[in-house]
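4 protein chains.
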Amino acid sequence: MSRKAYFKPVKGAPAPLRAVCERPIRFEEVDPLGIVWHGRYPSYFEDGRVNLGNQYGIGYLDMKKYNVVAPIKQMHMDYIKPLAFGDTAHIEALLHWNEAARLNYEFIIRNNDGEITTTGYTVQLFVDGDQELLMCPPDFYMDVLESWKAGKL
Amino acid sequence: MSRKAYFKPVKGAPAPLRAVCERPIRFEEVDPLGIVWHGRYPSYFEDGRVNLGNQYGIGYLDMKKYNVVAPIKQMHMDYIKPLAFGDTAHIEALLHWNEAARLNYEFIIRNNDGEITTTGYTVQLFVDGDQELLMCPPDFYMDVLESWKAGKL
Amino acid sequence: MSRKAYFKPVKGAPAPLRAVCERPIRFEEVDPLGIVWHGRYPSYFEDGRVNLGNQYGIGYLDMKKYNVVAPIKQMHMDYIKPLAFGDTAHIEALLHWNEAARLNYEFIIRNNDGEITTTGYTVQLFVDGDQELLMCPPDFYMDVLESWKAGKL
Amino acid sequence: MSRKAYFKPVKGAPAPLRAVCERPIRFEEVDPLGIVWHGRYPSYFEDGRVNLGNQYGIGYLDMKKYNVVAPIKQMHMDYIKPLAFGDTAHIEALLHWNEAARLNYEFIIRNNDGEITTTGYTVQLFVDGDQELLMCPPDFYMDVLESWKAGKL
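Chains A, B, C and D, in that order, are what the protein sequence lines are. So the first sequence is numbered by this note's numbering: it starts at 1 and just counts up by one. So the second sequence is numbered by this note's numbering: it starts at 1001 and just counts up by one. So the third sequence is numbered by this note's numbering: it starts at 2001 and just counts up by one. So the fourth sequence is numbered by this note's numbering: it starts at 3001 and just counts up by one.
Note that these hints are calculated values from the structure, not bench results. Among these hints, one or two may not hold up.
As the list claims (entries may be wrong) - No more than 25 Å apart at the CA atoms, straight line, and that leaves these computed lysine-lysine pairs for DSS-like:
hint	chain 1	residue 1	chain 2	residue 2
1	A	K4	D	K3152
2	B	K1064	B	K1152
3	B	K1008	C	K2011
Unchecked claim - Covered by chain D, per the in silico footprint, the following chain A stretches (three or more residues, Cβ under 8 Å):
hint	region
4	26-40
5	62-73
For glycine and all other residues, C-beta sits at the position ideal for the given N, C-alpha and C.
Please take these sequences and the hints and turn them into a complete structure.
And the structure:
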């Protein structure tokens, strides 16, 4: 497989953080053509992001504790194969290394046969309680970056 | 038509407030069987409630101004005929007279031919900013009740 | 607890079929007031129904195999306590005994503390491939009823 | 404004087709942070696409008549400013000229003040009734292209 990288590789960066979760396709997510409507995938990506975030202490509720939020600034999706009712989406999220006040997530969704059905990414920027963009990552995330770099995650 | 009344008639009550709005069925709302998935109708009811609320000064934003909210405590739906992509839902909301701290809404959805496709109701109870149930309607709603009774709405 | 029964008890009926599944509340399901928007619950009920259906061979795909569908004709919800982001919905579905061509499902949702947050029901009627109402249950479901009555489920 | 073009300009191409529609933000679309959840925007884009499609005879139902569909292969969103409850999304869709069997749509969403809140694009590929990719545009769309080029749309 030679998919184009969504994010420019950073020299000397540690490997991305990874986490996989599953989600059975719901009847209500399938359209009249019998496949998952394209607009449901942000929710699948979100499941992947939440799952990874919770594993590494950088989920919504963690951020709330530190009074920061990280709204989505960009989202991209490539639809390769459809998913149907009865399928399960295996959602892999990868958080790519980046030292700026942003979160670069890549997503790879596979079906039960391990075939890639959908890929994409989201970019989030950290803002403080007043909705002001942060110039550098918040402290709690600096700690995560440090452990990550040190290979302790 | 002799549908059973959802709300017990109140003696001497003024006629219900009424408002109608339209909503074309979206592709994404239709299921693999080609009809609107039953779980989309709360959104159609909400459109009807918001539309009536805005016309009579009892919408979400009006309530917010007075620091009350009116969460849904009960919802009921009767599915009579399906709606499909290409149809338009004609959503009639009726607010039934009630002097307690509650809102009794009835909904009647019709298709383009004027046939009733769906009926139902919601019951909301007023609560204050601390989520405490109000024993009597908030002042702004008392004013609405008064004008309503006086036939000025 | 003395909640009113949603379905009239049938004399001599076997106990309802039961199944429980879990669903973490998603960020996207929570409204500006910080609680799950009331219109998401049809999806929670559906999860419960699908889960029970799959366990007893009466799910969507089972029905499809036998060329019948069972559209929802009625849905009812009582909202008792809210659910919030971070909570998990524990969704109990109960299929009540009925010998007609219908499915009477009751739902009880509990939070992590075991408190009941939401209850309700749905009624489905069996129709054939031509959308005609069936006068008696389809054969595959008669088999289920027989095993159920015999205590073999 | 100097936004980067989403699609490479085609030399000698006629101006894009344009259509604008409006959509008031629904309470249910707003998240706990008080802004529209990022995953609702595919539905806003779809409204824009359906609106333009219906105006130019290239909507879902038109395609169905000709036994073709045009599934989404790629979707991209840039979130610039948030939308909130009470706002109305003014959704502009632009169909960019392309002679291949694909539809390149660009979207620009503005708020009531005319400020751009969100931009993005979708790419669709035409497939026939057997889900086979078409090598050239279907006949009905060739007619549209011809009228478009001739300045008759």
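Okay, which hints does this one fail, numbers in order? Result: hints 1, 3 break, sorted rising.
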